[in-house]
Amino acid sequence: MFDDSNIIAGLEIGTSKICVVVGEQNTDGALNIIGLGQSKSRGVRKGEIINPEHVEEDLRTAIFEAEQMADVEIRSVYLGVSGGHIRGFNNRGVHPVVSADREISQDDVDDVVKNAMAVNLPAENTKIHSVRQRFSVDGQEGVTNPVGMLGARLEVEMHVIHGHTNRLQNAIRLVRGTQLEVDDIVFNAIASSLVLLTNEQKELGALVIDIGGGTTEYVVYADGVIRHSGVLAVGGDHLSNDLAYGLKVPLSRAEKLKRDYGSAQITDAAKGQTISTTTENNLKLKPVNHEHLQRIMSLRLEEVFQLIAKDLEQAGLTDYLRAGVFLCGGSARVPGIVPLAESIFQMNVTPGHASAISGLSTALDQPEFATAIGLVKYGSLRNRKRTDRPFLKGFLGRLLQRT
Amino acid sequence: MQTPEQTDFLETPSAPSVKIFGVGNAGLTLLGTLATAEFSGAELIAINTDAAALAASSVPMKIHLENKLFRGLGSGGDSDRGRVLAEEQFSTLKSACAGANVVFILAGLGGGAGSGISPVLAKAAHEAGALVLAFVTLPFDCEMSRRAAQAQAALEQLKAAADGVICLPSQKIFKLIDENSTLVETFRVTGGLLVEGVRGVWSLLTRPGLIQVHFGDLCALIRNRHAESAFAFVEASGPGRAREVAEKILNHPLLDEGRALTESDAVLVSLTAGKDLTMAEINRVMEQVKGQCGHAQIIMGATVDAGLKEKLCVTVIAAKNAASPASVTPRPEVSLTSQVASGQRGPVLPPARPRRVGLKPVQTQLPLTIISKGHFDKSEPILHRGEDLDVPTFIRRGIALN
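Protein chains in written order, with the numbering used here: chain A, 1 to 403; chain B, 1001 to 1402.
Bound-form chain B, shown alone (with noise of 0.2 Å):
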């Protein structure tokens, strides 16, 4: 898989550079339980329009978006106006980003800053030349309506600018807490969840791995998808580990029941575990997920970490089929920042392109309609290890008929 241009790329620094940003009073509080030793190498920032929320943050790096009209009461929860304050800012946000390989974006959408800004940096990192990632919450059902289509307005731009989103719809989370869950615990539920994606993510790019994940490798994997993203994070102990995080994998209701894996067509598995982690722990917990997957193109990394003793742990981050084509990309600046990116050598072509043709020779299918069950289409479905037995079963195992 190494590919000179590959360690061209990957030349100077041992591990990627990262910056984290938290945007928006979820950002916030999310970039906060994100400041432990454990992130010690990423450089943290913090962003928002509410001076009063950015002071009590005890990140050292701050991004205070203000604009004298506002009287410095931040966005009022109309995105409009984050947004509008953020490209006023635009050169500051660039050269914030400046330097970073990663840049990880913290929000949650359907706020005035969370929505109004992210897309609005996601787009000036990706002119820095970072790899995108955004991890967001949506709000919860029963949030206003007008919160909801902010936040899927946000998402749809964040989609088109940034690398990869990695989303938690709120509303999942209810299949993971019981019905006594207070208000903070189930934020702190949601806030965790989101930033175990970004540990899996972190874990994978910067800790000396069995079987290592290269930058390149993720680059290769969500450069320009522009997809959203399910992810889960499953943990186990003991001798039936493996066995049991794939049943969990399966199960689990952010990714569905499983049928996040069979629709998405890149798959990310890290895990991580004590130094007892066996290969054919690994391999069991593969088997599960490629079986499931079906043609999706699988990067998977093992990373030893001695501090969990017999824990087994994985987190996987699923694109789905991106539905909208690589149209939206602006394609020239596309190959202008990749060459920056990697670096001295003038006239290759950007290493990310070549690298997806030849993985992916099969011309992409057109997003057609989702798929239909037809005869059986309101009846109640059959449910069997995570596929819906009314779809064909050409199509779940992805056969082409040609």
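Extracted from the complex, chain A is given alone in its bound form (with noise of 0.2 Å):
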């Protein structure tokens, strides 16, 4: 107990809150959260620090509280990272494989990978993720793992995830200025994928969609690895900016709208009706129409699933997701936001648990912890690999094979 190299912290910097979760990892590798802290966040929009003080200020108040329950000192966080700046694509690497023999050895394959690595990104930008698909050898597709196997020419696929360098450091400065180490950066829809999906899933192939405050990322595995990523800066904060604006409220009465009286679907009992409140000295409110309400954030939903949906189609993986669509993020928590997404996306949708996990039932059940408790799970399965084993296979040796 000495050494805590084994209290594994998530920190995701979100639009709406800022979401401390802390884990605890047992010898066996086993994974239990015993800790959870949060603060409504202020300085951030569509996913990107704008006031830093702001959000020092609001990230001490979620990680004491999170020290407080889990009754732990935090030293190292895994931090969330998001925006409209990210971008993932794939890319090919090839290798010749020159050896007497034609045998491929695991030199091979790191060159193989080296090569896929070595990307044009913009100037300005750093890799976040470079995750290895599958190798082809001599054209044929679909090997894991190629070492031993007899070829000429090794081929691989990588998805490479990348994001705006300043930005991206904006960010860990800010937590190193707290006090923290940080441990390592993770793009917030591969955390939430990790605790969302089972292996089953991700070989079937399955789409998650994050929807948060002030972004949406999402990220579609096929087979087993991840093929595709994007973010989209839209997400909650828009919902309620369009309530606002089109049945002309203010902004923080729009957001308690949304909470309380939202739908992704004009419900029947919502027709005609008008929504009376009164605020907390009882003084009437001017009434909102239940129907407008509804049909501003069904126009807006829709609208991200359609842009997500072209996106997958343009990529051409729309057959692969046999698992169907999983949804987590605060915003999953609209009513009706499940069939919507099921007559948008033609497939099943399932809404986000955090499964594959131990620990506080009330964190894990809520879609907007996902991600936070994906960036331990993430922790948690880079910590076993240190100690454990030195080459991890399948899937988590993929994903966590990086620069």
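You may find that some hints are simply not true.
To be verified - Cross-link-like lysine-lysine pairs, in silico, DSSO-like; alpha carbons within 27 Å at most:
1. A:Lys310 - B:Lys1311
2. B:Lys1311 - A:Lys17
3. B:Lys1311 - B:Lys1248
4. A:Lys40 - B:Lys1378
5. A:Lys248 - B:Lys1378
What the hints assert, rightly or not - Stretch-level coverage of chain A by chain B, calculated; a stretch enters the list once three of its residues show a Cβ under 8 Å from a Cβ in chain B:
6. 221 to 235
7. 284 to 298
If you are wondering where the hints come from, they were derived from the structure by calculation, not from laboratory data.
Heads up, the beta-carbon is just placed ideally off N, CA and C, and yes, glycines get one too.
Given two chains presented individually in distinct reference frames, assemble the corresponding complex, making use of the accompanying hints.
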């Protein structure tokens, strides 16, 4: 217990909240969530920091709360990153096998991965992840581990996720400024997918959509590997803003209306109805039309799903998603969002639950904590890799294959 | 679509008679480039205050506006002088416009002649019963602020007087040219763009079309709209030309990367291509434009020009939502001139107005404010295929909440 390296913390600096989750990993590698801290976020817009002072203050509050609850001291965190500047794409690396007997060695594998990672990024961008997909040997696709196989030409596909260096550094510096170390940065949607999906679902093919306050991130798994990822800088804030504009109410009231009366579909009960509310002092507020409220929200969410669906269609991935769509993030709580998504994606849609993890059930059931829990999970996988085995097989190894 | 009124309207001339006026030095230069065989059906008329420049022009018909007080030195860059001169000679201008169905006015706003004369000329042409379309350039930002102010004022007056103003802010040209372009080249690009605009409308009206745009349609679309229009001309060739053209339209800097289409409520699309133009190509382009336009009224014309071979050229003119209500126009005058234009039929109502009512049954929206992005006003906009995702979806899709 003196070495607390088995304590892992995940930190998400979100647009609506800052959230810290603390997990404890036992000697078998199993993970248990023991603490949770959160605070309202004031200095973030569309997933990017606009006021570092506010963020720092909120961050301290959240960390303090999590430390109190878990009764540990947090020294380092895995930091989730998001924002409209983050992009993902696939890159292919090729390497000729030159040894006399044509047997593929570990060196060949390292070389081909290196080739695949040598991508031309814009000068101001850096890589966040480069995830190895399947190898192909002399055109034979779908090889998971080519070491020991015979072949002349080894190829590999990598999924590279990159973002604007300075904006990523802003978040890292801010965390470091509060005397915390940053173990690693992780793209939010990847973190969420770690707790939402089981290995079978990744094999079958799944789309994870994390609709947060300021951004919507998504990642596609097919055949067990990450095939596609993206960010739309549209989220729950946009719902509130649309309502404020459309219903002509202040933003704070729009936010409250969204939470209390929002729906992703126009319900029969709302047709022609108005909502009358009062302030805390029992003063009557201007009544708003319930149907309009739902229509505005429905249109916005529909558009978000349509944009994602279109993106996947262009990437040619629509037919690979046999396990369906998984939703998480705060906006996944909007009633009726599941049938709406089903009608657009034409497939099974599941509201996400953090499965494959134990601990505080109050935290695990909430879709908005999926990312932070996923960050802890990511950390635990990293730890396990470091301590247990030199080379991990299967998905985890590929996921963790990083520069 | 063909109503009896409309056939009457088109009865006498098979192609409407067109007069093209070049006003001021810039207008003369533009007119010079237009003096080709293609525009032989149109009457070209040059108007200027500067006698020397006018003499240098090759255009046969010239109107020199002069006053002894100015000693033949032109308007001296003062639009008030230009306007005074033009108003003095109002009857001359009006008689020059007589008999035309369509009057194009080409001018560079900002100087004395272009800014001063154009609005007056537009008014004269309107009174003479013609449909008035002005093609104007606005000065570069780096030119003096006085010119910019003068140009803005002239643009406002022109919008009130002409049926449609197609306006090309020179500043936007920067996005189309590269850094090393010479001054001459830059002006040629500006002039070329305007000429393309004229040519697009011109070929729409005169060439035999696969899908013809009737003069009446054009009138109905732009008459009395008094709006400022954005326009773009794109071309492409090869097998994927329809797709390429559509892409180029949606990314065109002069259309604000497609935003101008979203904001417009009337759009004119003219396609010109060689004999191999297919319906599928037209369909493809139109679908893209339609998708971007939302509820705008779209007029489409397709013409075949054997000389173009493999090229597909598309001219898009998008009339912005008229911000000013119709009260700017003197109403009685309008009905009178329309009646004159409609010809012999005595008791009928002016042809343009009932059609407009029929086509736009909805009450036009009041010019409330520019669409506010509220909370996101100062943040980096999220642009996705020319749409700003920060603007509420229901507004971009034009869904009314009532």
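Hint check against the structure, violated hint numbers in rising order
1, 2
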